[in-house]
Structures are given as C-alpha cells and as structure tokens.
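Protein chains in written order, with the working numbering: chain A, 1 to 106; chain B, 107 to 212; chain C, 213 to 342; chain D, 343 to 472.
Hints listed in this document are in silico derivations from the structure and should not be mistaken for laboratory results.
Quick reminder that beta carbons are idealized off the backbone N, C-alpha and C, glycines included.
Any given hint might turn out to be false.
What follows is a set of in silico ranges between Cβ atoms, one per label pair, in the way DEER data are often shown [what the hints assert, rightly or not]: (1) A/Glu52 x B/Pro192: 53 to 61 Å; (2) C/Ile215 x D/Gly441: 31 to 39 Å; (3) D/Gly441 x A/Gly96: 56 to 64 Å; (4) C/Ile299 x A/Leu38: 30 to 38 Å; (5) A/Glu105 x D/Ser431: 53 to 61 Å.
Under the rule of at most 25 Å between Cα atoms (straight-line distance), these lysine to any residue pairs were calculated in the SDA-like manner [said to hold, decoys possible]: (6) B/Lys139 x B/Glu150; (7) D/Lys414 x C/Asn219; (8) A/Lys90 x C/Lys270; (9) C/Lys217 x D/Ile469; (10) C/Lys223 x C/Gly268; (11) C/Lys223 x D/His371; (12) D/Lys347 x D/Leu362; (13) D/Lys411 x D/Ile375; (14) D/Lys470 x C/Pro221; (15) D/Lys354 x C/Ile299; (16) C/Lys270 x D/Glu409; (17) C/Lys332 x D/Asn349; (18) A/Lys90 x C/His241; (19) D/Lys462 x C/Lys223; (20) A/Lys19 x C/Val325; (21) B/Lys125 x B/Ser193; (22) D/Lys470 x D/Gly369; (23) B/Lys176 x B/Gly119; (24) C/Lys281 x C/Val325; (25) D/Lys354 x D/Val405; (26) B/Lys176 x B/Phe115; (27) C/Lys217 x C/Ile339.
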Amino acid sequence: MAVKIRYLFSERGDRWEVKIMGEVDIHSTPEVKEKLELILDEREKGMIINAEELDYIDSTGLGMLIGIVKRLKQNDLELVLAKPQPSVLKLFRITGLDKVIRIREE
Amino acid sequence: MAVKIRYLFSERGDRWEVKIMGEVDIHSTPEVKEKLELILDEREKGMIINAEELDYIDSTGLGMLIGIVKRLKQNDLELVLAKPQPSVLKLFRITGLDKVIRIREE
Amino acid sequence: MEIFKLNIPNKKEYVISARLAATSVAGIHGYDIEKVDDIRLAVGEACNNVVLHGRGSKSIDIVIQVEEKFMKISVSDQGEGFIHGQISSPTPEDYMGSGLGLYIIDSLMDEMVVESEQEKGTTIHMIKNR
Amino acid sequence: MEIFKLNIPNKKEYVISARLAATSVAGIHGYDIEKVDDIRLAVGEACNNVVLHGRGSKSIDIVIQVEEKFMKISVSDQGEGFIHGQISSPTPEDYMGSGLGLYIIDSLMDEMVVESEQEKGTTIHMIKNR
Ligand SMILES: Nc1ncnc2c1ncn2[C@@H]1O[C@H](COP(=O)(O)OP(=O)(O)O)[C@@H](O)[C@H]1O
Ligand SMILES: Nc1ncnc2c1ncn2[C@@H]1O[C@H](COP(=O)(O)OP(=O)(O)O)[C@@H](O)[C@H]1O
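Modelling step: build the complete structure from the supplied sequences, incorporating the hints.
So, in structure tokens, the structure goes:
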C-alpha cells in the first residue's frame, strides 16, 4: 500500500503518537481515516502525528485531518503535526490549515 | 540525476571499491561508463562494485559493464559485483552475465 | 517543444500514476524540488476532481507540454462539467472537506484556466514557469 | 478490463517515465515485487529499442491493458521497422553490447509478440500473467 501507519500511546504525554509514512491521497485517505478513528475509539486522547516520512498529502487528506481535529475539539483535545516535509508545510500554509492544526516544525 | 557513484581505492584490497546507487539505464549509462573509465585511467586496478543500492540496470548498463570487464581482462584484472538486489541478480542470471562477472551475493 | 500524454481510467487508484508521470517529466526538465512538488499536488488535485465530480467520464487525459520557459499541463475529462466561478480563499475553520482543490491548484501554479462545458466535460489548464 | 495509455517523446530521458507508469499500474493491480520488476525491465528494454533503433519515430506509445488474469503491454513506434527472426540465447563472452533487449523481454514476460513492418513501425506486445 502507498501508506503505512505506526502508533503507540504515550502514557507520559497522555496522548497518541502516530507516524504516517508514505502518501495520503484520494486512494489511501479512507484507510487512514478509519485507522485514526479506530485509534481514538480505543482511547479518546490528543494526538501527535509524526509527518517526517509523510511524502504527500492532498485535499482529501486535509479534509480527513480536519475531521479528526473537530472530533478532538469536542473533548478539548488537540491534534499536532510534527516535522512536516517542506511541501506538506507549504500546503498547510496556503490553505490556512496551520491555524487549525498546530504544527511543530523542529 | 538518476544515478550516483561513490568510489575509493582500497590499498589493502589493491582495488577500486565503487558504489553505484540508483538506476543505470539508457539515459544514465554513458555517464556511468565515463566515470568508471576515468577511475580506471587513474589506476588500472581491479574493481568491486557494491550494488546494494543499484535499483535498476538494463541491457545498456550490462553492455557497459562488459566493456569494463574486457578492459580489465587485458591486464588480468577482475570486476566483481557485490550484493546485487534480486532483480539485478535475476538479470545477470538470465543473460548469462553471471559467468563473465563474478557475483558476490552475501 | 515536447509533448507527453497519458490516459488513465477514471479511478482513484490511478491518480498516483498521473502524479508520477508529471513529476518525472518535470524532473527530467530540471525543475527544482519545490516546483516538482507543486506540480505533483496540482496534478493530483485536478485528477481528484475528475474522480470525485466527473462521474460521467470513463478516463482522464493528462497532456504535458514542455516549453523552454514553462510547462503546461492539461487535465481533461468527458464528465458532466460545471460552472466555474471565482476562486476564493478557504476558511478552514468551517471547512467541511470540499472546495480546496481548485484553490490549491491556483495557489501553486503560475496560471490556471478552467474550461468546462455542461454534459461535455472539463479541462483544467495549468502553467508552471521554470 | 482497464486501459492505460502513455505517449512519450522518443528520447532516452523519457524511458524512465514509461517504466514508472508500467510499474505503478502493475503495483496498483497487486502484482508482486518480482513481477513488477520483470515488467519494469521489459518495458524499459522495449522503449530502449525504439530510442536506439526507431529513429524515424517522433514518439513512443505505451498501452497497458489490465485483465483479470494478466496484463498486456504494447510498446509501439512509427520507425523503420525490422525483420524479426528467432530469439536465441546471448553468448556474453563475445557479446558486443547488442542483441540482449528482445531476449530479456522474452525471458521475463510470459508472452512476447513482435509486429513490425518496414517503413511503418514496430509494436512489441508483451503479456505478464498475474
Ligand atoms: N472535473 C470536474 N468535473 C465536474 N465538476 C468539477 C470538476 N472539477 C471541479 N468541479 C466542481 O467544482 C467544485 C470545486 O472544486 P474544488 O475546488 O476542487 O473543491 P472540491 O473538489 O473539494 O469540492 C467541485 O465541488 C465541483 O462541483
Ligand atoms: N523498435 C524497433 N525498431 C527497429 N528495429 C528494432 C526495434 N527493436 C528491435 N529492433 C532490431 O532488432 C535488433 C535486436 O534488438 P535487441 O534484441 O533489443 O538487441 P539490441 O537492441 O541490443 O540490438 C536490433 O538490433 C534492431 O535491429
């Protein structure tokens, strides 16, 4: 598959640490959405997505992330995107999504 | 470029250690040929090619390697191909080139 | 001038092939990484739109024309077409998962022209300067 | 049945796009890595032949047809054509850098048919079973 997801619950950070690798596009977005929702179903907690190896995301992927943000917001929880590649960061900036999802660039 | 070459002369092995990374195809073969010949011009010695990261080679690349083998043979020197990926190994086998160029699989 | 043409089935799993083709052509012609990434996303979004909104179309045509100073990419379908208005900035807070595609293309490319005729289909022309 | 079509300039730097397209289609349809690699090389060799021997042709057409049990790939040019004889095993010891392409295709694919007409062009049909 074009996308891979690894995740674990960090007791210390009290949140999910998720790594998405590969391409989140019109084809793989439904699979990613399902996975992230299953993770949150297990424990409704905040989530940090490590995007170091996220090579591509398109508007279908953004729409999916916005859905996750909305779900988390209902419980005052946060979604953070960490270490996005330049092209992903650029997309977040031009769409204004960097104001809805917190980006941690380092 | 689709191909990268790193090389050093091993005094201990008395031969060139060359690593070819990427794709050796109709487009990049001339560049690889030129590079390998320049290396041998510097010192006419045997050569081991580390093919771990050689993702692709086609018949133009094979033809080029045969040229190198012939040049080396004139001075009783050898060309060795080390750690080829399965697809590269398969190509060497079906063309019988594994009888002309020594393969070190480990 | 060089022309590159691709015709893929109008299915979501093929969009990646169009992206790959466009990025490889841009790479061949020495576009830098940032521009290649822009082209990849713009072509991806244009194809997504066909898959999502061009149901009547069996396939997607991608034509890439490489000129000295720019690259022109056209993505066409034979779907329902639509009436194309003004592109406006999205407001992500109330964003419901639609309305981003054309905006992204317009932002990333140097020019975008939408040609659409109802019942005939749509072509999105995009230009990226070198 | 699904059809995928690609038309690229008859130039060596574009052969990689044809390989990429073919591997992505094979990957989409779940061909395993070894078969994807076989297809990549076969398409590469067929396109190399057009670049090397099909000088009269401006472009190369690659048509990929995906069926339930196999994939059929045709690589066509409008070049000089040639008379195609028997394929025989190469003898690498006296190999001078030619005569491997068709042999490789024939070895890696489940079927290969060469259709060539002088002054009209060549099509190589290749089939890879799932
Ligand atoms: N190829 C197309 N065929 C038909 N309608 C289209 C096409 N491309 C875009 N549209 C129409 O334009 C609208 C805006 O497209 P876009 O900005 O990409 O946002 P989205 O796809 O998220 O709705 C779509 O909702 C659709 O109605
Ligand atoms: N598309 C083509 N157009 C014209 N001639 C071709 C074409 N493909 C192959 N040939 C002819 O068939 C011969 C054998 O091809 P091949 O087995 O690929 O070996 P090579 O390309 O190394 O010579 C070529 O030398 C050429 O004369």
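Return the numbers of the hints above that this structure violates; sort them in rising order. 1, 8, 15, 19, 20
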